[in-house]
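Read top to bottom, the protein sequences are chains A and B.
Counting in this note's numbering, the first sequence runs from 1 upward without gaps.
Counting in this note's numbering, the second sequence runs from 505 upward without gaps.
No lab work stands behind these hints: they were computed from the structure.
Treat the hints with care, since some could be wrong.
Unchecked claim - Chain B is nowhere near these chain A residues, computed Cβ spacing over 10 Å in every case: (1) His16; (2) Gly135; (3) Gly137; (4) Asp180; (5) Pro182; (6) Asp194; (7) Asn362; (8) Ser419; (9) Lys465; (10) Ala476; (11) Cys481.
To be verified - Calculated pairs, SDA-like style, for lysine to any residue (alpha carbon to alpha carbon, straight line, at most 20 Å): (12) B:Lys805 / A:His183; (13) A:Lys465 / B:Asn581; (14) A:Lys7 / A:Gly20; (15) A:Lys399 / A:Lys164; (16) B:Lys969 / A:Lys317; (17) A:Lys301 / B:Pro685; (18) B:Lys805 / B:His778; (19) A:Lys465 / B:Arg605; (20) A:Lys317 / A:Lys75; (21) A:Lys164 / A:Leu322; (22) A:Lys465 / B:Lys805; (23) B:Lys659 / A:Lys164; (24) B:Lys805 / A:Glu446; (25) A:Lys465 / B:Met873; (26) A:Lys465 / B:His687; (27) B:Lys969 / A:Met374; (28) B:Lys903 / B:Gly938; (29) A:Lys465 / B:Ser584; (30) A:Lys301 / B:Arg958; (31) A:Lys399 / A:Glu229.
All of these numbers come straight from a predicted model, not from anything done at the bench.
We treat Cβ as the ideally placed atom computed from N, Cα and C, and that holds for glycine.
Protein chains: 2
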Amino acid sequence: MSLPFPKLTPQEAAAHVEHGQTIGFSGFTPAGAPKAIPTAIADRAEAAHQSGEPFKIGVITGASTGPSLDGALAKANAISFRTPYQSNADLRARINAGDTRFFDMHLSMMPQAVRYGFLGPIDWAVIEACDVTAGGGVVLTSSVGAAPTFGRQAKRVLIELNRKHPATLLGMHDIFEPADPPHRGEIPIFHASDRIGSPIMTVDPSRIVGIVETDREDETGGYDPSTPETDAIGNHVAEFLAAEIEAHRLPSFLPVQSGVGNVGNAVLAALGRHPQIPQFEMYTEVLQDSVVDLICSDRVKFASTCALTLSPPALDKVYSDLKFFRPRILMRPQEISNHPEVIRRLGLISINTAIEVDLFGNVNSTHIMGRQMMNGIGGSGDFTRNAYLSIFTCPSSAKGGKISTVVPLVSHADHSEHSVQVIVTEHGIADLRGRSPHERAELIIENCAHPEFRPELHAYLRMVKSGHTPHTLRAAFAFHCRYLDTGDMHGVEWGPLASTPSTR
Amino acid sequence: MSLPFPKLTPQEAAAHVEHGQTIGFSGFTPAGAPKAIPTAIADRAEAAHQSGEPFKIGVITGASTGPSLDGALAKANAISFRTPYQSNADLRARINAGDTRFFDMHLSMMPQAVRYGFLGPIDWAVIEACDVTAGGGVVLTSSVGAAPTFGRQAKRVLIELNRKHPATLLGMHDIFEPADPPHRGEIPIFHASDRIGSPIMTVDPSRIVGIVETDREDETGGYDPSTPETDAIGNHVAEFLAAEIEAHRLPSFLPVQSGVGNVGNAVLAALGRHPQIPQFEMYTEVLQDSVVDLICSDRVKFASTCALTLSPPALDKVYSDLKFFRPRILMRPQEISNHPEVIRRLGLISINTAIEVDLFGNVNSTHIMGRQMMNGIGGSGDFTRNAYLSIFTCPSSAKGGKISTVVPLVSHADHSEHSVQVIVTEHGIADLRGRSPHERAELIIENCAHPEFRPELHAYLRMVKSGHTPHTLRAAFAFHCRYLDTGDMHGVEWGPLASTPSTR
């Protein structure tokens, strides 16, 4: 049956988009993000710029995307405004140079902010699909992200029909968009595997301007192999959780959320092989390769996610045996995968990675030296604040040992001491629950900091004796300033910093 | 009918408590906090200390309490550990001197942390009641706080039966304690006025050790009258919300949460008198005098709260006409009044007061100069993070104009830029939604900062041109250090701070 929508080339689709418009793109991580249309829009922007004409658009996505979307548009300097999370090197450079205005927000909140009108009108939704019906039904691909909200809110819609994703993905998604206050009901998820919505999202067919067919692969990079450091972090987390079970502070093994990346992979692998950790479920925003392995070995019973952020071989593995994986994996909109209501109800064990932590339990997830945006807060705030147990992992040093990731004061606070319960580095665990700032500082220095930096951190603490949180504001960023001045955090000189009234 | 529980003097009750034990006290603000028993415990501690014996207890409450609880125990140096929020001057001094270990946490999370065992065992619950049944039914007084959780978790229970609160308060409370994961269901509140639990809390009667009768009044201080400054803040908030209705970004008038204090009183009064603001409901943690007035004038239709933090005359007004107020006011446990699930579902308009805000939208609610604890985070994090609209109010200066409450970087970050949407001072409104850090800084300086400090704040921004968040870490606390050195934030010298590699 042929579809009643015009078939367009990427260039024809891109020709519809005008300078100054805002586009909501599907995708959550490079999984499920459009590729052909954004690349064509970037080409258009470059041509316009060469003719001396302005061409920039507002870009709203689910989270990060791939080189054909954020990358191509950033290279063309075609993004005026961008939200939320991103992780592309070219886009990061544009944001830090001030070429692109970036608004960093909690991933669960973005779809409702769009519906509430807080981010202005959405001119276009560009959505990657593996199948489309004549009535406007859209079967998404390897993620859900915010596609259902963009599809409903956008004035006009372009579909990228990607044959690389099989149409038999139907049934892997659970599309549910909550009503807005004052009419919102409960989000009726009581177990990680509860299905509450539809396998298909719907778009008003009169707003579908056309369909672009492609067969481009998801642009998810692979993962680095584990290292002794990431293995040690993983083992510490597994040991800590096993001890919590033993102490009856974990009533049973609760669903796990794990941040993406090499540390996340190592943590999941460690949970999978620990003899005292039972089979478990996941309620998370991103599935990475390690989870596919754990599902195959029956260590993970079920995984709810927003995206299949898998290397191409791992994605092929899932796609080639959908009969096995369909009852074991479900993709949800980010508003649901990251919803505070569900996270707190299910009681997640939340494990995320920090850029740096401070002596009192505050976590920086976003900024390098307080100034340069790395990727964004992503879902870490949604999960951390509402989890049953909230754990942050972090290697104790970076840049070949020149940076201590344990600092007196984080240079940007994304998760405050009130939301961070446990910190884990390759050296050990600091369990901050019920601890005063002084106690936390001792635990973090002794258990987590790199031994080379412990004396300097102790010296910082000793500067003042009074105050609930014994900060010396004049010296709080001495580690960072030393690095900015010399390229190495070692060798901070406290003397002149400690001798002024403001340290008393 | 006489009760089957021993009648005790406060001294007899206090004699049961031993050094090293942990007590969970009822009360949320001074409303509903026990008075006779904690004072007697403080006397016991003083006597012990005079005999050279140690006597310190762990104190867990709903939130702040009054002079007879936190005050008396702090004066006696009888508190080893304290959580969560407090506001008593003597206790604050103990915390900042290191005599009392303080753990500051989100108020909605404390009861579940107790149930999960994260704060250790609870030896005693001490609960103020207006009525008790032989089977262990307890009718609470002017707050709920965490009393139901303490009553269920504590090994033994002492009741303070306070005749100042009428037994006819029965029906003013809605007691509901959620099950713990993995068995938790939804919190079935869909409108501010929904009643979901019992009017009475229950305690295993075999654990009730005795009852102390008192008739001591709640120790809630009064409120200062409004000032031109607080009125200006209130009017800006009302104008902003009226404009949001006009712009169709508020679908109808959603329930309001307002922080306690003089600014809060002024904001509520301004909402009450603004012609474009319709009659509204409240879903909040603390009711203060202004809400009683707004209920009487039919501007507030219903108020859900955790506590009646009213001046004695306002409390008398409510108690003397319970027939009128019972269908209009409901008191809930803090776990429910502050529950993220309910706050996000109802879509609250959340209005809280900041100690200081920074150029990029981060808010400090807890620390003075990064070091001294003021009161604690209270419920501000529960509400701010999950609200439909999150507003922070703050006079633009403090200490007679010597402190700018708008600073380059907050000295403690309790609410990050990701959760703060609108900042209001007496000078105006900064609407940060969808704005990049550079844009936010311009809005905050121009609309909110005190004019005397605007040039210095602009100068800070101009130091660097690059970076998503243009911080100069070496100078980020220059305002604070200037104040610590000279007693005045005016006259920061940027020169030497700006001339090092770390500012580039």
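A quick look at each hint next to the structure:
Interface exclusion of histidine 16 (chain A) from chain B stands, the closest Cβ pair being 24 Å apart, more than 10 Å. Every C-beta of chain B lies more than 10 Å from that of glycine 135 (chain A), the closest at about 29 Å, which supports listing it as non-interface. With a least CB separation of 28 Å from chain B, glycine 137 (chain A) remains clear of the 10 Å interface cut-off, as annotated. Aspartate 180 (chain A), annotated as away from the interface, has a beta carbon of chain B within 10 Å; the closest lies near 6 Å.
At roughly 6 Å from the closest C-beta of chain B, the C-beta of proline 182 (chain A) falls inside 10 Å, breaking its exclusion from the interface. Its beta-carbon lying about 12 Å from the closest one in chain B, aspartate 194 (chain A) satisfies the requirement of being farther than 10 Å from that chain. Non-interface status of asparagine 362 (chain A) relative to chain B is broken: a Cβ of that chain comes within 10 Å, the nearest being about 7 Å off. Distance to chain B contradicts serine 419 (chain A) as a non-interface residue, since its nearest Cβ pair spans about 7 Å, not more than 10 Å.
Against the 10 Å criterion, lysine 465 (chain A) falls within the reach of chain B, whose nearest CB is about 7 Å from its own CB. For alanine 476 (chain A), the non-interface assignment is contradicted: its Cβ lies about 7 Å from the closest Cβ of chain B, within the 10 Å cut-off. A beta-carbon of chain B is positioned within 10 Å of the beta-carbon of cysteine 481 (chain A); the least distance is around 4 Å. Among the hinted pairs, lysine 805 (chain B) with histidine 183 (chain A) is consistent with the structure: their alpha-carbon atoms are about 18 Å apart, no more than 20 Å.
In summary, the hint linking lysine 465 (chain A) to asparagine 581 (chain B) is supported, as the alpha carbons are separated by about 18 Å, within the 20 Å threshold. A threshold of 20 Å between alpha carbons decides the hint, and for lysine 7 (chain A) with glycine 20 (chain A) the separation of about 25 Å lies outside it, so the pair is violated. With a C-alpha separation of about 39 Å, the suggested pairing of lysine 399 (chain A) with lysine 164 (chain A) is violated against the 20 Å cut-off. The suggested pairing of lysine 969 (chain B) with lysine 317 (chain A) is violated, with an alpha-carbon distance near 48 Å, which exceeds 20 Å.
Proximity of lysine 301 (chain A) to proline 685 (chain B) is assessed by CA-CA distance (about 18 Å); at most 20 Å being required, the pair is judged to hold. At most 20 Å may separate the alpha-carbon atoms for a hinted pair to count; lysine 805 (chain B) and histidine 778 (chain B) meet this at roughly 16 Å. About 14 Å separates the Cα atoms of lysine 465 (chain A) and arginine 605 (chain B), which keeps this hinted pair within 20 Å; it holds. Distance hint between lysine 317 (chain A) and lysine 75 (chain A) is unfulfilled; the C-alpha atoms sit about 33 Å from each other, more than 20 Å.
Distance hint between lysine 164 (chain A) and leucine 322 (chain A) is fulfilled; the C-alpha atoms sit about 15 Å from each other, no more than 20 Å. Distance check on the hinted pair: lysine 465 (chain A) and lysine 805 (chain B) sit about 50 Å apart at the alpha-carbon level, beyond 20 Å; violated. Taken as a hint, the lysine 659 (chain B) and lysine 164 (chain A) pair is broken in the structure, with Cα atoms around 62 Å apart against an allowance of 20 Å. This hinted pair does not check out: lysine 805 (chain B) and glutamate 446 (chain A) have alpha carbons roughly 55 Å apart, beyond 20 Å.
For the given pair, lysine 465 (chain A) sits about 15 Å from methionine 873 (chain B) by alpha-carbon distance, which is consistent with the 20 Å threshold. Only pairs whose Cα atoms come within 20 Å are accepted, and lysine 465 (chain A) paired with histidine 687 (chain B) is rejected, the gap being roughly 45 Å. A distance of roughly 17 Å separates the Cα atoms of lysine 969 (chain B) and methionine 374 (chain A); the hinted pair therefore holds under the 20 Å criterion. Among the hinted pairs, lysine 903 (chain B) with glycine 938 (chain B) is inconsistent with the structure: their alpha-carbon atoms are about 33 Å apart, more than 20 Å.
Proposed proximity of lysine 465 (chain A) and serine 584 (chain B) is supported: the alpha carbons are some 18 Å apart, at most 20 Å. Only pairs whose Cα atoms come within 20 Å are accepted, and lysine 301 (chain A) paired with arginine 958 (chain B) is rejected, the gap being roughly 57 Å. A threshold of 20 Å between alpha carbons decides the hint, and for lysine 399 (chain A) with glutamate 229 (chain A) the separation of about 14 Å falls inside it, so the pair holds.
Checked against the numbered hints above, the structure violates hints 4, 5, 7, 8, 9, 10, 11, 14, 15, 16, 20, 22, 23, 24, 26, 28, 30; every other hint is satisfied.
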